[in-house]
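Q: Residue numbers (this note's numbering), protein chains in the order written: chain E, 1 to 343; chain A, 1 to 129; chain Z, 1 to 506; chain W, 1 to 129.
Be a bit skeptical, because a hint or two may be false.
Simulated crosslink set (DSS-like; lysine-lysine; CA at most 25 Å straight-line) [to be verified]: (1) Lys156/Z / Lys129/W; (2) Lys201/Z / Lys129/E; (3) Lys71/A / Lys40/A; (4) Lys308/Z / Lys156/Z.
The set of hints was computed from the structure by calculation and includes no laboratory data.
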Amino acid sequence: MTWDASLLWQFDILVLLMMVICAVTALALEGLLSSAIVTGVYSFLICLMWTHMMAVDVAFTEAAVGAAISTVIFLGTAQYISRWIKKDRPGEQGIKQLTIVIAVICAVMMLNATRDLPDWADPASPASKHLSPEYIEQAYHETATPNVVTAVLADYRSYDTMFEAVVVFAAALVVMVLLRRTSHKHRKVLHLRPKREGRDTVLRGAAQSIIPVMQIFALYVLCHGHYSPGGGFQGGVIFGASFILLALCYNLKFSMNRFREHAVLWCCAGGVLLYAGIGAACLGLGWNFLGYAALADLLGVSEKMARSHGILAVEVGVGITVMAVMVSLYYDLASGGDLEDGL
Amino acid sequence: MILDILVILAMLTGLLFFVATTVGIIRFPDFYSRVHAAGKGDTLSTTLFLGGAILFLLRDFGTDTLLTAGKLLLIVFYIFIASPTATHAIIDAGYEFRVPYWTRSKKDNSTKGDEESMDNGFYPEDLKG
Amino acid sequence: MMDHAPILMIVVPVFASLALTLIGPMGHRAAYGLLILSVAGSLAAAMATLVQVVWTGQAVHYRMGDWVPPMGIELVIDHLSAGVLVMISGCALLTAIYSMHTARQDNPDRLNHYYALFALLVAGLMGMTATGDVFNLYVLLEISALSSYGLLARGKGRAYYATFRYLMMGTIGASFYLLGVGYLYIMTGSLNMADLAEILKRPELGASVNVRIGFTLIILGVWIKMALFPLHAWMPNAYSRAGTTTACLIAPLMTKVSVYVMLRIMFTVFSVDYVFQQIAWSRLVIYLASAAAVLGMITALSQRDLRKMLTYIIVAEIGYLTGGAWLANTAGYTGAVYHILADGLMTLCLFMAVGAIIYRTGVSTSAAMEGIFQRMPVTAGVFLIAAASVVGIPPTCGFFSKWYLLQGAVQAGEWVFVAALIIAGLVAATLFFRLLERAFFGRLDDPVMATGSEEPHTGARTIRLNEAPLTMLLPLVFTGAALLGLGIYTNEVVRYLIRWSVPAGM
Amino acid sequence: MDDLFYFIISKYNYWAAIVLLFIGLFGIIVRNNLMKKIIGMVIFQTAILLFIVSIGVKRGATVPILKFSLDKQPLLDATAYANPLPHVLILTAIVVGVAVLGVALALLQKIQRVHGTIEEDEILEDMRK
C-alpha cells in the first residue's frame, strides 16, 4: 500500500479540476467564439494530463489535432453562424429532464462501480499483465522499432490504422460533397467575414520564418517516428497546419496557389492508396494482407528490417493523407465551401 | 551551486511574470491593454522559465542534455517570434474594427463598452493567440 | 487467391472508392461501371467464403499481417457472418445496379464522390461483419457511419438537420460502444473476441459489476445505432429525406448489421449463460421489442409519406429481431438470424419498388400508388411480393422467419411477444391492403397523378404503361425472386447455415 | 484515513473521466444551440479517451519507447514501460473524433444556410412551416 511519488497526484487533481471547469465553462458561455477557445484550452489540459500519463504519442496528436486544428475549424465555422447563443426557452423540457435524471442515476452507478476497477496505475492490473508485456518484449525483435506505440500502430494493428486513414479520407470527401461550391441561394447567413488583403508585413515576416521550419519539423516527426514520439499522423497534421498558417497570414488564395485544390484531393486519396497498395503488394507476394515481411526479398533485407521499412512506408502514406485532409477541411470549412476567401 | 541559484532565480522570476500577466488580463480595463499584458508578459515569462530549465539541464553536461537544451532553445526562439506576432495580429484586427479604447472619463462603463464592441465583428486573428 | 477472399471483399470497395476519387470527373457510365465491378468483386469473394465455410463446416480465419490473433487483428468468418456478408454485398450490388438513373437524378454534381462514399459504406459494413476484434469493429463502425452521413446529407433541404441529429445519435452510440470496449479491456486486457470470450469465462469476471457495465454500454450503443424502440427518433427523418439510392442502400443494411453486431457481442464475446443467467434483463428487452413491433407498425399506418412509412416498418422489424435474439432458445435465435437475411431483402425490395414509383410519378405520398398495377405492373407485382413477405404470407421468406419467431416465443412462454407479433402482422396486413387497394382500383385521373405524370394529362382513362427503366426493374425483379427463393429454400438455409451458428448452451 | 487516501488517489482519474463524460452528455441533451451540442460531443468523446488512456498507466513505468543499454541492447522489462496498446487505440480514436467534428461543422454551416439559425427550437419551427 505504498504510493510511488513519481506520480504526482496533486498535479493530476489540479489539471483534472481545471478540465472539469473548462468543460462546464465551454458549455455555459454565451459567446460561441469564447466557447470554441475554451474547448481549445480543454484540449491543451488533456494533453498535459496525457503527457503525465506517459502517453506522449497521444498527447502529441491531441496537441496537434484537438488543440490546433479543431479550434481552427471551430472558428472557421463560427464566422458563418451567429456569434451568441439565444437563451433556452422554457417549454417542453419534460423528456430532456427525464433523460437528465436517468443520466445522473447512471453516473452515480458508474462512479460507485469504480470501486471494483483495478487501481489506477496498478502494475498488476489485467490490462498491464495480459497482452501488453508481449508487445513490449517482442516488438523490437520483430520490427526493429524502439517506439512500441509505432510498432503496434503500424504493424500489429496496422489494419486499424489503414481504416483510420480511410476515416479521415471519408471525412474530407463528405465535407467536400456537402459544402464545396454548392449554390448559395438559400443563404440567410450573417456574413461576418472581414476583407483580408494579406498586406501585414509583420505577419508575413513571421510566417516566412516559421513555415519552413514547421515543414522540416513535420518531416522529422514523420520519419523519426520509429525512435521518438511521432509518426504519420502527427507529422501530417503539422505539415497541414503549415499550409493553414500560410492561409491565415496571407490569404486563402495565396495558400491555394501553393497547394491546389486538385493536388489536395489527389494527396487525400494517394496516401490511402499508398497504404492499401503496400498491403496489397504483400498479398501479391504470397503473404497475408499488410504482412510487410513479404517485402524482405524485394528490398534485400531481413524480415525484421522489412517490417521496419514497411512501417515507415505506411506512415508516409498516413502522413500524406492526414496532411491533405486537414488542409481540405480547412479550405472547405473556413471559406464556407466557395474557396474564395475566409478566416 | 551558483547555477542552482540562477535556475531558481530564473524560474521564480518567470513565475512572477506569469502571475503579473494573469492579473493584467483580468484587471486591465480594455481590450488593448489586456492583449498587451498577455503578449508581453507571456513571452518574457516563458523565456525566463524555459531558460531556467535549460540551465538546469546543463548542470550535468553531456551530449543528450545538450541536445535537449538545444530543442528547448528552439522552442524559446519560436515562442519569441510567434507570440508577439499573434499579439500584433489581434491588436491590429481590433484596431481595424474600431474597438473603443479606455480613457479615464469612460471609466464607469468601460467594461460594458468592451462587451458591445465585441459584437461588432469577428476577429479572425483571434486564432493565433 | 481463394485464401485471401476474406480481405479482398473488404479492400476491393476501398480501392474502388480511391480510384473514383483519383480519376476525377469521368463519365457517369465509367463511374457506374467501376462501382458495380468492385461491389460484384466483393460479392464474389463473399460467396466464395460462404461456400468454403459451408463446405468445411468451420469458420475461416484470416490473420492480418500474419500476426497471431491476440496480438494482431484477425478476420473470423463463421456461418453467421458468411450469410450476413453475402446479404450485404448482394444488396449493395443490386442497389448499385439500380442507381443508374436515381443517383444521377439525386446528384447532378459530384457523382463520383457520391459513388466513392457508396463504396466506402459497403467496405465499412463488410469489415464490421467480418472482423474478429472489438476495437477494429469500432473503427469500421465509424467508417460506415461517416460515409452514411455524407450519403444522407445529399438529400434535399431538410435532410441536413435530420442528418445532424443522426450524427449526434450515431456518435453517442459509437462512443458508448467504445467506452464499453474500454471497460472490457480494463477488466480483461484483451481486444480479440475469441480471447475475450475465453477470459470472460472466469467466474470472478462473470460476477464483476464493471463487466456488466461494459456489456450494458456496448448493447446500449448498438441499440442506438439500430434504432430500437425508445431510441429510434433519429431514424425516420434521416431515411425518408434521403435520395432514393441512399435510402435503398442504407435502410436495409445499417440496422441489420447493427443487429448482427448485437448478436456477435451477446453470443461470441459473452455467452448465452452470461447474457441470460447473469444479466437477466431478457424480460425487459422483450417488452421493449414488443412495443417496438406494435408501435412501429401502428405509426407506419398513420404515415402518408411512403418512405417514412417504410422506415417505421423497419422500426417494427427491429423489434422482431431484438425480441428473437433475446428469447434465449434455438427457435428464437434461428428466427432472428433468418430474419436478418429476410428483412434485409424485404426492406431493399420495398425501398426499391417505392423508389421506382416515386421516380416515375414524382410523388412521394401514398397517392403515388394510385393505379400502379396498370401503369407499372412489374413494379407493383414485386411490391406485392414484398408486402406479402412483411405481412408473413407462406411462400415468401417473411412467413418462415415469423414462424420461427412465434415458435420461439411460445416455447419461451413470452405471450406478450406472441401477441405483439400477431398484432403487428395484422396491422401490416391492414396497411398493405389499403395501399394495394389504391394501387389496384385507384383511378388514373386522380388530380395528384395529373401533376406528377410526365406528359400533360389528357383526361382520358387510357392505361399508359409507364414502367420503370430496365436498370431499376432488373434488380427489383431479382430481389422479388430472391424473397420467394429464400422462402422456398428455408430448410436448406436453416440446416446448412443457421443451425451451425447457434451458440453453445442455448 | 490512510485507506481512504489510498482509495481516493487510486480512483480519482476514473471519477474525472466519468464526470466529464456526463458533462458532455448533458451538453448534448440540454443545450439548444447546435454548436454547443457539438462542443458537448467533443467533451464526451475526449472523456472516453481519457478513461481508456488511464488504463495504460503503470506505477514506476516510463514512456513506451525502448531504452538501450550502453552496448546497444534494448532493455526489455515490461514493467518499466507504460502499456502501449491503449495509446494506439486512442491515437485512432482521436483521428476519428476530428473526422466526425469536421463533418458535424460542415452540416452546421449547411443548416445555417437552409434554416437561417442554429437554435434547435427555431429550426423545428422553421421545419413545421
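Q: It remains to establish, for every hint, whether it holds in the given structure.
A: Hint-by-hint comparison with the structure:
Our distance criterion of 25 Å between C-alpha atoms is met by lysine 156/Z and lysine 129/W, whose separation comes to about 16 Å. Only pairs whose Cα atoms come within 25 Å are accepted, and lysine 201/Z paired with lysine 129/E is accepted, the gap being roughly 18 Å. With a C-alpha separation of about 23 Å, the suggested pairing of lysine 71/A with lysine 40/A holds against the 25 Å cut-off. A threshold of 25 Å between alpha carbons decides the hint, and for lysine 308/Z with lysine 156/Z the separation of about 15 Å falls inside it, so the pair holds.
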